[in-house]
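**Student:** Here is what each chain is made of, one letter per residue.
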Amino acid sequence: MLIARFRSFTSDSYLQLAWLMTIVGALERGLLLEPDHRGSGNWSWGYHIALNPLFLYSVAELLRWSKAASWNDRRQMGLLIGAYALLGLHVWNGLLYVKEYTFG
Amino acid sequence: MNSMTGGTNYHRPGWLETTIVAAYLAALFFLSLQYYLRLDVEGKGFSRHVQRVESVVRGKRESPHPVFHYATYGLSRALNIPVPRAGAMVLGAANAASAGIIIWILMQSTGIRSLWVLIPASFATLLSASIQRPFFTRSHIVIGNGAVSVWVNSTSILLRPVVLLSFHFLVQFIDRNRLSNWRQLGTLSAAFALSTLIKPNYVLVLAPAVGLFFLARRLLDWKGLAGLVALFFPAGLILLWQYYVTYLKRSIRQGKRRRTLGFDLFRLWSRKSRVPGGVFTSIVSTCALPL
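Chains U and B are the protein sequences, given in the same order.
In terms of the numbering used here, the first sequence opens at residue 1 and continues consecutively.
In terms of the numbering used here, the second sequence opens at residue 1001 and continues consecutively.
In case anyone wonders, no lab produced these hints; they're calculated from the structure.
Mixed in with the good hints there might be a few duds.
[What the hints assert, rightly or not] Calculated lysine to aspartate or glutamate pairs in the DMTMM-like style (CA-CA distance at most 20 Å, straight line): (1) 1256(B) to 34(U); (2) 1272(B) to 28(U); (3) 1249(B) to 12(U).
[As the list claims (entries may be wrong)] Residues from chain B that keep clear of chain U, each with C-beta distances beyond 12 Å, as calculated: (4) 1014; (5) 1018; (6) 1056; (7) 1085; (8) 1189.
The structure presented is a predicted model; accordingly, all values stated were derived computationally and were not measured.
Glycine residues also receive a C-beta, built at the ideal position from the N, C-alpha and C atoms.
Bound-form chain B, shown alone (with noise of 0.2 Å):
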C-alpha cells in the first residue's frame, strides 16, 4: 500500500486510505452542513451573510468582499436549493476542503503516512480556540481571544482553505528562491488576489510579514524588492477598490470627510478580553501550544 517513487518522498494512497479520508471528509462537509443550518435558524452570524446574498447580486447592496455571496447563489441557482442550504454547502466544502489539505500539508512536512495519526491531528488542528476553561469563565473567544477557526463567520472560513494553501507554497517559492519564476509568482500573485476579494485581512497580516521576512532574510535587493510588489501587485490595487467602495463612496455621497482609520492602544482588546491579565493572558493563552 505505501509505494515510493524514484526516491521522491511521493505517496501513492492505497484505496482503503483513500476510502478512510474520504469518509472523513464527507462527515465534516455534513456535520457543516447540519452546524451552519442550525446556526441560520437561531439568526447568528452566517445568517446575516446569507441574508445580504440576494441584495448583493442584485446590485442592492455593495460588498467589498463578494466572494461567499456569489458562490452561494450560483450554487443555489445551479442546484435549484433555498440560499441557506447553498450558503451552508459552500461553507461545508470549504471546511472539507481545508482538512484535506491538512492532512496534505501534515503529509509533506512530517514524513508519518499513519491515517490514525493524520486525521485526529487535522481535526485538532482545525477546531484549536483560545484555552478558557477551566481557567476562565465568561470570557469571548472571538471578540477578546482567538480561535484558529472563527465558525460562525462565512467568510473567514470560505478563506481558510486558500490560506493553508497558498502559506504553504509562498514559503517553498521563497525558500527556494524562485524570485524569477514568472509563472510560480502569477499564481501566487493570482491565490492573494482571490483571498482579498474573499476578506482582506489575510494580505493585510501577511503583506508586512513577508516584508519583514524579506529584510530579516537579506532578500530584498531590486529582485527580491520587484517579486515582493509583484506578489501583491494585484490583491493592493483590490485593498484600494476595496478602500473606495467602503470609506470613499460614501464620504463623496455624504459630502464630508470621515476618518477611516483610527488608533486604539490595546484598550479594545483589553476590555473584551474578560480575562485577568489583559491581552498578555489573551495572547497565552490563544497560542499556549505554538508558544
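This is chain U alone, in the form it adopts within the complex (with noise of 0.2 Å):
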C-alpha cells in the first residue's frame, strides 16, 4: 500500500501515524531488553499493538483504492490482485497460526 499508494498516504493521517507508531515499536523491540528477562521480548508488544491500525487503515486504503480503479487499467487490476494476494497470505497465516496454538 505505501509503494502502490504513496500519493494517498501523503494525505492520510491515519497511515502517517500508523506507520510512526510500528517504526517505533520497531525500534524498541530492537534495540531495547530487560536485563533480568532477556529472553522474554517484552518489548516486542509495542510493535504487534502498532500492527492493529497499520493492517485496519491499509485494509481501508485497500478497499478504497478497489472502489475506485478502472478494470480497464491492466497494470492497475495487477497490482489491485497482489495486494489481495498478500492479504490473502496474511490471514492464511492467522488462521495457521491459531490452528497451531489450539490444536497444537
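Using the supplied hints, reconstruct the complex from the two chains, each of which is provided in its own coordinate frame.
**Tutor:** Quick look at the structure:
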C-alpha cells in the first residue's frame, strides 16, 4: 500500500501515524530489553499493538483503491490482485497460527 | 434500507444489516470462548493470566496492569461462573467489540456499506499475521515475527478495542486541530490512562510517535506542546507507578540496585525470527500488505 499508493499515503494521517507507531515499535523491540528477562521479548508488544491500526488503515486504503479502480487499467488490476494475494497470505498464516496454538 | 440524513455521511442500518452484524459478532464471541477454554485446558499463555486472577485480586501478587484480572474476577463473581470461563468471556467480548469497531471504522473511512465486503474485511484485519508459509518453516510468529493479534496474550486482546477506537479519534482530534477542546482531550487522555492499566506498551509506542507526528506537522508550538503533555500526563503517572511496582520496589526490598533497561541492537529479534535475512525479512513478511 505504501509503495503502490504513495500519493494517498501523503494525505492520509491515519496511515502516517500508524506507520510512525510501527517504526517506533520496531525500534523499541530491536534496541531495548529487560536485563532480568533477556529472552522474554517484552519490548516486542508495542510492535504487535502498532500493527493493529497499520493493518486496519491499509485494508481501508485497499478497499478505497478497489472502489475507484478501472478494470481497463491492466497495470492497476495487476497491482490490486497482488495486494489481495498478500492479504490472503496474511490471513492464511493468521489461521494457521490460531490452529497451531489451539490444536498443537 | 440505506438512508443518508442531512447531507452527512450518517447511515442508519436496516434490521437485516443489524441482524447480520449481530450474528457475526455473536459467532466471533462464541468461537473465541471455545478457543480460550481450549487454551486453558492445554495450559498455554491465557491460563497463566487466569491462574493469577485470584492472587492479584486478593493482593497476594502485585500486577502493574490489573484490568484483565479484575474484569475476569468481577464477571466470575457476577455470573457465578468459574474464573477460566469468565476470562474467556472477557476476551470473547473484546474480540467481538474489536470486530464491530473495525466494521464501523471501515464504513467511516471508505464509504462502503456492503456487509459482504465489510465483514470479510474485518475478519481479515482481525486475523492477519506475518507471512511465513509457504516460504518458511520452523519460524515463530509471535516471538521473532509479528501478528496483528497475538491471540494467546490476554492483555493484548483486551487492549485492542481501546487501541482501535482511541487511535481513530486521536487522528481526528489532531487533523481537526481540536487541541484546545478540553473535553475531547480529557476523554482521549482517560482512554490512554485506561490502556496503560490494561497493557503499557500501547502508550510507550504511541506517545513518541505522536511527538514525531506533531514535529513533522509543525504543531509543536506552546499550544501543541501543552496538548501533547495533557494527552499523556495521566498515562505517564501510571507508567511511573508501574515502574515502581515492577522494578524499584523489588530493588528496595532486595537492598541492591538492579538494571531495569538494557540495549540489544536487534540480536534477540534476529535470533528468534528464524528466517533467512533475519530482522529485514521478518519486517517485510509481517508488513507485506502495508508496504
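**Student:** Would residue 1014(B) pass as off the interface with chain U, using Cβ distances and a cut of 12 Å?
**Tutor:** 21 Å, holds
**Student:** For residue 1056(B), is the shortest beta carbon distance to chain U beyond 12 Å?
**Tutor:** 18 Å, holds
**Student:** Would you say residue 1085(B) is clear of chain U, with no C-beta pair closer than or equal to 12 Å?
**Tutor:** For residue 1085(B), whose nearest Cβ neighbour in chain U is about 17 Å away, the distance exceeds 12 Å, so it holds.
**Student:** Are residue 1272(B) and residue 28(U) close enough, with their CA atoms no more than 20 Å apart?
**Tutor:** 16 Å, holds
**Student:** Is the claim that residue 1018(B) lies outside the interface with chain U correct, judged by CB distances over 12 Å?
**Tutor:** 21 Å, holds
**Student:** Hint check: residue 1256(B) vs residue 34(U), CA-CA at most 20 Å. Holds or violated?
**Tutor:** 17 Å, holds
**Student:** Is the hinted pair residue 1249(B) and residue 12(U) satisfied, with a Cα-Cα distance of at most 20 Å?
**Tutor:** Status violated; Cα separation ~44 Å.
**Student:** Once the closest CB in chain U is found, is it more than 12 Å from residue 1189(B)?
**Tutor:** Holds: least Cβ distance 17 Å, greater than 12 Å.
The structure is inconsistent with hint 3 alone, although it conforms to all the rest.
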